[in-house]
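Using the hints, put the two chains back together into the complex; each one sits in its own frame.
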Amino acid sequence: GENVEQHPSTLSVQEGDSAVIKCTYSDSASNYFPWYKQELGKRPQLIIDIRSNVGEKKDQRIAVTLNKTAKHFSLHITETQPEDSAVYFCAATLPGGYQKVTFGTGTKLQVIP
Amino acid sequence: SAVISQKPSRDICQRGTSLTIQCQVDSQVTMMFWYRQQPGQSLTLIATANQGSEATYESGFVIDKFPISRPNLTFSTLTVSNMSPEDSSIYLCSVDGDRVDEQYFGPGTRLTVT
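Residue numbers (the numbering used here), protein chains in the order written: chain P, 1 to 113; chain H, 1 to 114.
Isolated chain H (complex conformation) (with noise of 0.2 Å):
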């Protein structure tokens, strides 16, 4: 399977402000998926991100507070914008793997929100 790594593994951010998380894949990927995670909690899907189309968003995610860039097969973005306390939480990204269907995980963003 692919190798994922995401940039920052962690952060502390303040009210108000905006964080860009970044997920690199070794090879290159269809499509690509960003989660988030609070607290043990589990996994709820915040958007898909194919290379060359806008980003397909779940019920009650937004562009405005998620945009989201697919520049190429490897890469992704995910910004969180104007963030609050209740957008602490693990962001993670995901790819399809060589299976239909199949998705592995990246490691996480772990994002505190003061």
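The following block holds chain P by itself, in its conformation from the complex (with noise of 0.2 Å):
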């Protein structure tokens, strides 16, 4: 089955600065490819996402891209702010009825004011 890495494991970053989380899976069928951030003691939120089909997408200040060859993806948050604190976590989905959802082990995130 689909496996994903993701790396790393704590990251702590100066406000203003950008923030960079590598992930990697193993199935070259993984099509979806989506980002959640989860606050502490709150749900998974999605946050952005990538299909395989494209090899990057901006939303305001965050950015994912994708090397389908390589087997990588990447979250770039640029201008953290202490409300980007938080655990992100990866996730790679496999095509067919049932989206099949393997996610990283996560991120957590610490931006210093």
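In short, the hints are calculated from the structure, not lab data. Please note that a few of the clues may not be correct.
As a list, the in silico SDA-like pairs of lysine to any residue whose alpha-carbon atoms are at most 20 Å apart [unchecked claim]:
| no. | chain 1 | residue 1 | chain 2 | residue 2 |
| --- | --- | --- | --- | --- |
| 1 | P | K42 | H | S53 |
| 2 | P | K42 | H | V100 |
| 3 | P | K100 | H | V100 |
| 4 | P | K37 | H | I12 |
| 5 | H | K7 | H | P107 |
| 6 | P | K57 | H | E102 |
| 7 | P | K58 | H | I63 |
| 8 | P | K71 | P | G1 |
| 9 | P | K68 | P | P113 |
| 10 | P | K42 | H | I12 |
| 11 | P | K42 | H | V62 |
Bear in mind that the values here come from a model prediction, so they are computed numbers and not experimental data.
Here it is as structure tokens:
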């Protein structure tokens, strides 16, 4: 089955700096890659996603890149703010009727004011 | 996106008992999913529940331990049976969104087994 590795497990940045979180997946058939943000005690929230026919997608301060050949995808957050502090999960989804989603292990991001 | 609620939000249960968690959505959805998130860990898919069919369980999860119902397009239940302390986790339901493959999560049920 699919395996998703995520790095780093923790990340501390100064407010205003950029943060990058990287994931790799094992199954080349995966075609949808969402990113979730989970604040302490809250539900995971979908913040951005990318499909396998796209190499990059941006939404304001966040962007995601995908390298299908290398089976890598990354989340980029620019101009970080304290409210960006949370645990971020990447995921890879296999096609088919049951939306089989495999999550990465999570990155705890701390933005230091 | 749909508004998703779960009941109970948290519970403390004794080992050997069972707990049924409810997931309610404010609009009809095709697919509902149940996840487990152990403390400080990632999310693991337990099963996928489509209305009118048996739930599809992931490796390591069995129907006898985690029976699921999906009586209609807005509601599902997950039962955690014969609980042990290892079942202490957050259990989350999710539903498919408007776009293909999107999933949105409910607020979760925090279960502690003593």
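Hints, one by one, checked against the model:
Straight-line distance between C-alpha atoms of P:K42 and H:S53 comes to about 30 Å, which puts the hinted pair past the 20 Å bound. As the CA atoms of P:K42 and H:V100 are separated by approximately 24 Å, the hinted pair breaks the 20 Å bound. Of the supplied pair hints, the one linking P:K100 and H:V100 holds, its CA atoms being roughly 12 Å apart against a limit of 20 Å. Of the pairs offered as hints, the one joining P:K37 and H:I12 is violated, with about 27 Å between alpha carbons and a cut-off of 20 Å exceeded.
Taken as a hint, the H:K7 and H:P107 pair is honoured in the structure, with Cα atoms around 9 Å apart against an allowance of 20 Å. About 16 Å separates the Cα atoms of P:K57 and H:E102, which keeps this hinted pair within 20 Å; it holds. Proximity of P:K58 to H:I63 is assessed by CA-CA distance (about 41 Å); at most 20 Å being required, the pair is judged violated. Taken as a hint, the P:K71 and P:G1 pair is honoured in the structure, with Cα atoms around 15 Å apart against an allowance of 20 Å.
Restraint check for P:K68 and P:P113: the C-alpha separation of about 36 Å exceeds 20 Å, so the hint is violated. A threshold of 20 Å between alpha carbons decides the hint, and for P:K42 with H:I12 the separation of about 19 Å falls inside it, so the pair holds. Taking the CA atoms of P:K42 and H:V62, the gap is near 27 Å; set against the 20 Å cutoff, the hint is violated.
Checked against the numbered hints above, the structure violates hints 1, 2, 4, 7, 9 and 11; every other hint is satisfied.
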